[in-house]
Structure formats: C-alpha cells, structure tokens
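Participant: Residue numbers (my numbering), protein chains in the order written: chain Y, 189 to 427; chain W, 189 to 427.
Honestly, the hints are just simulated from the structure, not real lab data. It cannot be assumed that every hint is accurate.
Which copy? The list can't say, so a pair holds if one copy fits it or any two copies do.
Under the rule of at most 20 angstroms between Cα atoms (straight-line distance), these lysine to aspartate or glutamate pairs were calculated in the DMTMM-like manner [as the list claims (entries may be wrong)]:
{"id": "1", "residue 1": "Lys251", "residue 2": "Asp224"}
{"id": "2", "residue 1": "Lys365", "residue 2": "Asp264"}
{"id": "3", "residue 1": "Lys365", "residue 2": "Glu423"}
{"id": "4", "residue 1": "Lys273", "residue 2": "Asp366"}
Protein chains: 2
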Amino acid sequence: MIRLFVPDPLAAGASIVSPPDQARYLTTVMRRAVGDEVALFNGRDGEWRAKLAEVSKRGCRLKVEAQTRPQTLGPDLDLVVALVKRPRLETIVEKAAELGARRVRLVVTRYTNADHAKIDRLRAIAVEAAEQTGRLDVPEILPVEKLNAMLDVWPSNQRLMFCDEAGDARPALEALKDAPDAPWAILIGPEGGFAPEERERLRAAPFVTPVSLGPRILRADTAALAALAIWQSVEGDCR
Amino acid sequence: MIRLFVPDPLAAGASIVSPPDQARYLTTVMRRAVGDEVALFNGRDGEWRAKLAEVSKRGCRLKVEAQTRPQTLGPDLDLVVALVKRPRLETIVEKAAELGARRVRLVVTRYTNADHAKIDRLRAIAVEAAEQTGRLDVPEILPVEKLNAMLDVWPSNQRLMFCDEAGDARPALEALKDAPDAPWAILIGPEGGFAPEERERLRAAPFVTPVSLGPRILRADTAALAALAIWQSVEGDCR
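Isolated chain Y (complex conformation) (with noise of 0.2 angstroms):
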C-alpha cells in the first residue's frame, strides 16, 4: 500500500487534492488508477485509507475512507547535525526519518566548511522517507543555527549525547545505561570536529552525557546513524 504525506485535514469524506508532484508519482510512476486504495497521514490525525477518486491532467483527488491507525508520536528525540556536504547530509536526513528522530536541527560550528542548507529539499527528503518508513509524522528540519547560540539556550530538562570522537569518553551503549529518560537530542560533529573550545564547553555542561562510538573514525553520516540506532535501542522504541 502506497503511503502518502498531505498537509490537509484528514477526516472520513473529506476530499484531497494531490499536488502535481504526488498525482504524478501516483499515476505515472506506480501506475494507480481511479478506485485504487492509498493511505495517507499528515502527522495530526493518524492513517487513512482513501481511494483515488479522480485523475485529470492537472492532478488527482482522493476521497478519504476510514481511519486506519491512529496517531502516535515516536520518542522526543532531535539529531543535531553540524552541516556536511549535501549528499552526506541528505543521507542523514533520510536515515533520522527512518530511525525515528523527531526533528533535524542543522547547527555551524567552528570547523563547519558551510552555513547554508536547502532546507526546502531536506524537507521533501523527510516526507519521502517517513512515507516508506510507515511512521506517523514527517520529521521537522528546522532552520541553520549556530551552535554556541543553540547551547546559550538548551532547555536544562533536554539531555545531549555528544557523540566526542577526540576523547576518552565512555561507549554509548553503557554510558547511555544510566542516563535518565527524558527529552533528548544527539550531537554530531563536521567532518573536522569539534574545535578544543566546543569540546570543552559541550563536556562541562550539567544537560551533556559525552560517548564513543568506538575506535575507528566514521564519518559524519555514519556517526548519526550509529547514534540513533544505538540510543532508539537503549532509550527509544526499539527496546
């Protein structure tokens, strides 16, 4: 079955139309036609099954049936990214989605190569990717910050796993073990690191438990992925 994120309201009887982009991947690319079944969600209001009501040359209409699921959230998780260059980044956008984060914060740190993200295209990276996972919400790509600035105002209740690759940090999965639930959020790094000055502050602040990924050097998109997979199987939904 075919999943498909839309903005709208979604309730039984209500009428959506597909933009352009998705009637076309629906009725060019995996060939639906009029009465076939789909199901949709939009992060507020569960899954629905619709059928496909009408195709015209302009777009299509779906007919909204019967709630399939209802809504649910995963775990309140944010992967902190420093940018990366653009494959690599968007690599770890899809994997944050399929791994269940439930927002993408992009943050410029002192050896950060760029300051700049086409947010809008991570954006449809995520609803892409939440679609074939099967969760329920897209997860949210919020604007570049600065990473100094974001720490200035971490709210205290919000744990942060930074993933320290210079030091002497203990392995996640155990030092994960006795860290409290609560909100949480995964710092990776740029491809150079954290500068002496951010690693310093990041391991003195009360709210930041430090781990290892282990000896070898991974780069940045497979750090998070680690992270999420490991902290998903010790905090999360994968327990």
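Given chain Y, put chain W in place with the hints provided.
Facilitator: Showing chain W alone in chain Y's frame:
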C-alpha cells in the same frame, strides 16, 4: 596524515611503487610532494610511516620508514547482505568498512531482483573507507552466493543475527545480550523482505538469533548500518 592501503609487504626500507590512481590522488588531489609523509597498511604488517621519495609522470615511489602501529584485527564479523540497487549496495559496503565488519558476503534470495554485483568496484569502495576509518585491514568482498547454498554449509560455530522485519523477534539489544561469544554474521534481506520459506528455515536454524530493529520499516542500507552499530556495541569492539 593520509593513509593508503597497498598490497605490498611492508618493512623498514621497503620501496613501494604506487599505481597511477593512487599516485594521482597523492600528488594532484592531495598535493603531496617529495619528502612528505604518508601512512601505509596492507592488512598484514600493521601501519607504517613512509615518505614520498619520487614523483614522475608514470607514478610515484614511497620509501617505508618505521612501523607506527602493530597489526590488529577487529571482531570476527561478517555482513551478509542481499543484493540491492547499486547506490545502496555501495553505501552498505562503505559503512561495513567503517563499522568494522571483517567480510561482506553478497547473497541472492528469493525476492532479490539482481544476481550480480561489480565486485571490483565494491572492493575499491571498501579500500577507500578502510583508509579513512583508520582500520588496519580491508573488509573482504566475497563473490555473490545463493542464500540457501550458503545456509547448507553454514559453520556450526558461527552465529547469525537475522534481522527479521516480518516478525515477533526480540529487540536486537535484548536478543544479543544472552548470545554467546562466537564468530558472528549479520543477515540483511532485500527490499522485498524474505520469502516465507526462507524465514522459516532461518527461524528454525540452531545458529540463528532473530532480532527486530524496531517498529519502522528500514531500507536495506539503514538496516545494515543499524545492525552493525548495535552488534558492535553489545558483542564487538565498541563495548
């Protein structure tokens, strides 16, 4: 420091001739010149410091100086992965190298759409990832096999972590905690999952530990990476 894999024996005073690709990378891409240092490894003799001794149009020559790290090997871990489309298969090989798999075995299953892979290209990706990740060996990429034939001769002392998306398997972390120290393999299916008879055979085999990777549907590359990260945290060298 640039790290390069070479097939040659490494010993103090040895002279290594770089093939054209490697020479071009060193001199044109990384702008190294005569007298600059690089690190060399061959999977057998540890890591060695070498100096760029000669650069010509045909290639370059490296002079091996002293061993900087003795040879070590990561855990005895195979990644067994069903053939998937080329970009995702290449990602899987890159990540298997970064996350410390010792071998990658490619399999054809009932629902696999492909029956061959460009092994040479995958080997080149494994070499490059091993160079960057700091390991002292390169994961072996084995030729394509059939899943059933592989299971027919499966060694009785090797455990197989079967990532079973269809079922009621225990979460990976929990299932691995009770599992024995042994040589291990991780099995990742194709995008369409395993056929019912494949699943039955796997679930019934005494060497199999079925695991769940959580409530979301994961693409093959995400599943491979998540499984490797969790395995290394519980059984491997990220403990």
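Participant: Identify every previously stated hint that the structure contradicts and give their numbers, smallest first.
Facilitator: 4
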